[in-house]
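Please take these sequences and the hints and turn them into a complete structure.
For reference, the chains in residue letters:
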Amino acid sequence: MILSGNYAAAYAAKLARVNVIAAYPITPQTQIIEKLAEFIENGELNARYIRVESEHSAMAACIGAAAVGARPFTATASQGLIYMSEMLWWAAGARLPIVMGVVTRALAPPWSIWSDHSDILSQRDTGWLIFFPESAQEVLDTIIQAYKISENEEVLLPIAVAWDAFYISHSYEVVDVPSQRNVDNFLPSRKKYKHTLDIDNPFSHGNLVFPEYYMEYRYYIDDASNSSKKIIREVDEEYYKIFGRTYGGLIEKYRCDNAEYLFISLGAFSGDIKEAVDRLRNRGYRVGFIRIRCIRPFPSNDIKEVMKDINGAIIIERDFSFGKGGILSTETKSALYSLNIPIISYIAGIGGRDVGYEDFIKIFQSSYKCFNLENIPEKPIWYGLRVIK
Amino acid sequence: MVWIKGDKMSNLVKLLGRDEYLLSGNPSCPGCGLALGLRYALKALGKNTIMIVPASCTSIVLGPVPTSSVKIPVLNIAFAAAAATASGMSEALDILGKKNINVLVWAGDGGTVDIGLQGLSGAAERNNNFIYICYDNEAYMNTGIQRSGSTPKGAWTTTTPRGKKRSKKNIPFIMIEHRIPYVATASIAFPQDFILKLKRAREVKGLRYIHLHTPCPPGWKYPSDKTIEVARLAVLTGAWVLFEMHRGIFKLTGPSIRLIEKKYRKNIEEYLKIQGRFKGISKKMIEDISKDIDENWRYLKEKFLDNNRK
Numbered sequence: 001m002i003l004s005g006n007y008a009a010a011y012a013a014k015l016a017r018v019n020v021i022a023a024y025p026i027t028p029q030t031q032i033i034e035k036l037a038e039f040i041e042n043g044e045l046n047a048r049y050i051r052v053e054s055e056h057s058a059m060a061a062c063i064g065a066a067a068v069g070a071r072p073f074t075a076t077a078s079q080g081l082i083y084m085s086e087m088l089w090w091a092a093g094a095r096l097p098i099v100m101g102v103v104t105r106a107l108a109p110p111w112s113i114w115s116d117h118s119d120i121l122s123q124r125d126t127g128w129l130i131f132f133p134e135s136a137q138e139v140l141d142t143i144i145q146a147y148k149i150s151e152n153e154e155v156l157l158p159i160a161v162a163w164d165a166f167y168i169s170h171s172y173e174v175v176d177v178p179s180q181r182n183v184d185n186f187l188p189s190r191k192k193y194k195h196t197l198d199i200d201n202p203f204s205h206g207n208l209v210f211p212e213y214y215m216e217y218r219y220y221i222d223d224a225s226n227s228s229k230k231i232i233r234e235v236d237e238e239y240y241k242i243f244g245r246t247y248g249g250l251i252e253k254y255r256c257d258n259a260e261y262l263f264i265s266l267g268a269f270s271g272d273i274k275e276a277v278d279r280l281r282n283r284g285y286r287v288g289f290i291r292i293r294c295i296r297p298f299p300s301n302d303i304k305e306v307m308k309d310i311n312g313a314i315i316i317e318r319d320f321s322f323g324k325g326g327i328l329s330t331e332t333k334s335a336l337y338s339l340n341i342p343i344i345s346y347i348a349g350i351g352g353r354d355v356g357y358e359d360f361i362k363i364f365q366s367s368y369k370c371f372n373l374e375n376i377p378e379k380p381i382w383y384g385l386r387v388i389k
Numbered sequence: 001m002v003w004i005k006g007d008k009m010s011n012l013v014k015l016l017g018r019d020e021y022l023l024s025g026n027p028s029c030p031g032c033g034l035a036l037g038l039r040y041a042l043k044a045l046g047k048n049t050i051m052i053v054p055a056s057c058t059s060i061v062l063g064p065v066p067t068s069s070v071k072i073p074v075l076n077i078a079f080a081a082a083a084a085t086a087s088g089m090s091e092a093l094d095i096l097g098k099k100n101i102n103v104l105v106w107a108g109d110g111g112t113v114d115i116g117l118q119g120l121s122g123a124a125e126r127n128n129n130f131i132y133i134c135y136d137n138e139a140y141m142n143t144g145i146q147r148s149g150s151t152p153k154g155a156w157t158t159t160t161p162r163g164k165k166r167s168k169k170n171i172p173f174i175m176i177e178h179r180i181p182y183v184a185t186a187s188i189a190f191p192q193d194f195i196l197k198l199k200r201a202r203e204v205k206g207l208r209y210i211h212l213h214t215p216c217p218p219g220w221k222y223p224s225d226k227t228i229e230v231a232r233l234a235v236l237t238g239a240w241v242l243f244e245m246h247r248g249i250f251k252l253t254g255p256s257i258r259l260i261e262k263k264y265r266k267n268i269e270e271y272l273k274i275q276g277r278f279k280g281i282s283k284k285m286i287e288d289i290s291k292d293i294d295e296n297w298r299y300l301k302e303k304f305l306d307n308n309r310k
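If you read the sequences in order, they're chains A and B. Position 290 (the first sequence) corresponds to 290 in this note's numbering; numbering is contiguous. Position 24 (the second sequence) corresponds to 24 in this note's numbering; numbering is contiguous.
Treat the hints as calculated values from the structure; they're not laboratory data. Everything numeric in this text was worked out from a predicted model, so none of it was measured. Treat the hints with caution; some may be incorrect.
[Said to hold, decoys possible] Simulated pairs of lysine to aspartate or glutamate, EDC-like, Cα-Cα distance not exceeding 20 Å:
| hint | chain 1 | residue 1 | chain 2 | residue 2 |
| --- | --- | --- | --- | --- |
| 1 | B | Lys303 | B | Glu287 |
| 2 | B | Lys43 | A | Glu38 |
| 3 | A | Lys191 | B | Asp114 |
| 4 | B | Lys283 | B | Glu295 |
[Said to hold, decoys possible] Examples of chain A residues lying across from chain B (beta carbon under 10 Å, computed):
| hint | residue |
| --- | --- |
| 5 | Met1 |
| 6 | Ile2 |
| 7 | Ala66 |
| 8 | Val68 |
| 9 | Gly69 |
| 10 | Val209 |
Glycine is no exception: its CB is placed at the ideal position from the N, C-alpha and C atoms.
Right, here's the structure in full:
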């Protein structure tokens, strides 16, 4: 089928047989929830659709549904995600399997509807696992995988699958939509857990906890997030066996063999980075690319392993933590601290500003000089910034 | 609505049965109005109930981990999120084929009339299938008696040290305007009235809203053995009106039936003077409060009784 990233997400939710959908419209997420409404109303999907009055309520409804054993889905973006933030913490703290699509979009003011990863990355400490697919196909595959990961008893954490506004959400590509039978084999219906609310086995969920116990609740969330790494890899392998597609688990290694320099990035401009890598390789540069597919849990060891014999890395990202730096580069640098590899951090494509493969080639060439001169800029470089006098 | 005359204990026991769902020894304050209300509510709804509780005094009354004060499943939830959580839960139970489970939201006045109002309004407009009880102790008691949208005019709170200047929000009327199938008010001083309303609400499908008046000894500054007396005076002075709106038919209930005529209402000062939160309020303020009560009754009469929508 020819699908946009958003429609691919709707098909994925349908194939996953979600039974409660609670959503509130926000550009550029609307196609997803419109398509799902269509699926339900023409009888293709047996689910309840709660047309909530806010994103805060959307996540609350997902929590209420997951708490009694349903498989919920929602999707949002930008302001909606930030408005939902309190409930993101709640969903993870309550250890409920929920999957949400996030169409990444810049935050206001000033108003912008274009892609920017600061929305979802600002929520990285909530306990949610966060995936960044690169294409409509991967959006579909990742959402189906996400239910399997989230519902694993060693994980039981909610998952956000985040893709770029317009570059992925509204770009149409050929997507292989798997058969329902195969998805059913891969993803059985949701289990009942010890903490699923049940009138025959009553208990109170989320009561007040004194300092003697609270810390342990937090530790176990971290523990589950870390153990999810193994599950993420296994699920990706199992998915490959059934559907013939794999994304490498937590990171995708693109032409990393014998590489001297690596790009590290995530999201929609990964395709352009791959193009730049191909062209640079043709010119004789030994360049590769690590695509971060999953930023929570952070794939520290996966990156480290690839980075061992590297002369330098260039991290390019569409987000920023004011007063500090790029979020991806800050996190990567901390993971690679012991390796002492020169890293140059680029901020690019903020608020949907277009960046193409030519730009990544330019970025590489100027970084290549820095690496050779051993003159590594300490501060992040805002690529293409207009100087306003 | 059948009104059984007199709140005799034997009648109550017959109505309620002997099963208890709120355990004794729970950490509510002495004379706590909400604890009484919760006990009645759970007895009326019974075992097949899942309760959703947003931040409120009840978050404490439920007991600290690893204990629980209630014998039904409970989901604690964020302050603003109760009605939406209940929407998700009731839809989920329905599609999972688990029928005959009451989804009950048990929320305080802050979680209902202030921070929770948007979610409640959304759920009401959608007519999601659950029972929402707002237990109204007329301020943010759990955080230390700060004023809420439900604090009455003239009342002292820690954030209105000279008394609140504005009146209480009339949320039950706002709920009626959402055209949900069932709206009622109740008071813990009239448990039969409350329980019969709940039993009636239980049989209705859609969003059912009950606003329960629950005095609070530390917040309202009266001795803890006066809770029922204070609650009763609120009704008998006409400051709190007992009614029911079921399928578009409005009825006053219990003692409120005859209080439509002003002469049967007790003097409001009887209600105000036994509460420390109204201590030292001016003559002018008492007049204002009294006028507000009259105005409320006039509005109610014109809107619902003179042209009863049958």
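Cross-check of the supplied hints:
no.: 1; hint: B:Lys303 <-> B:Glu287; in the structure: 24 Å, violated
no.: 2; hint: B:Lys43 <-> A:Glu38; in the structure: 42 Å, violated
no.: 3; hint: A:Lys191 <-> B:Asp114; in the structure: 37 Å, violated
no.: 4; hint: B:Lys283 <-> B:Glu295; in the structure: 18 Å, holds
no.: 5; hint: Met1; in the structure: 27 Å, violated
no.: 6; hint: Ile2; in the structure: 31 Å, violated
no.: 7; hint: Ala66; in the structure: 8 Å, holds
no.: 8; hint: Val68; in the structure: 5 Å, holds
no.: 9; hint: Gly69; in the structure: 6 Å, holds
no.: 10; hint: Val209; in the structure: 4 Å, holds
Going through the hint list in order, the structure does not satisfy hints 1, 2, 3, 5, 6.
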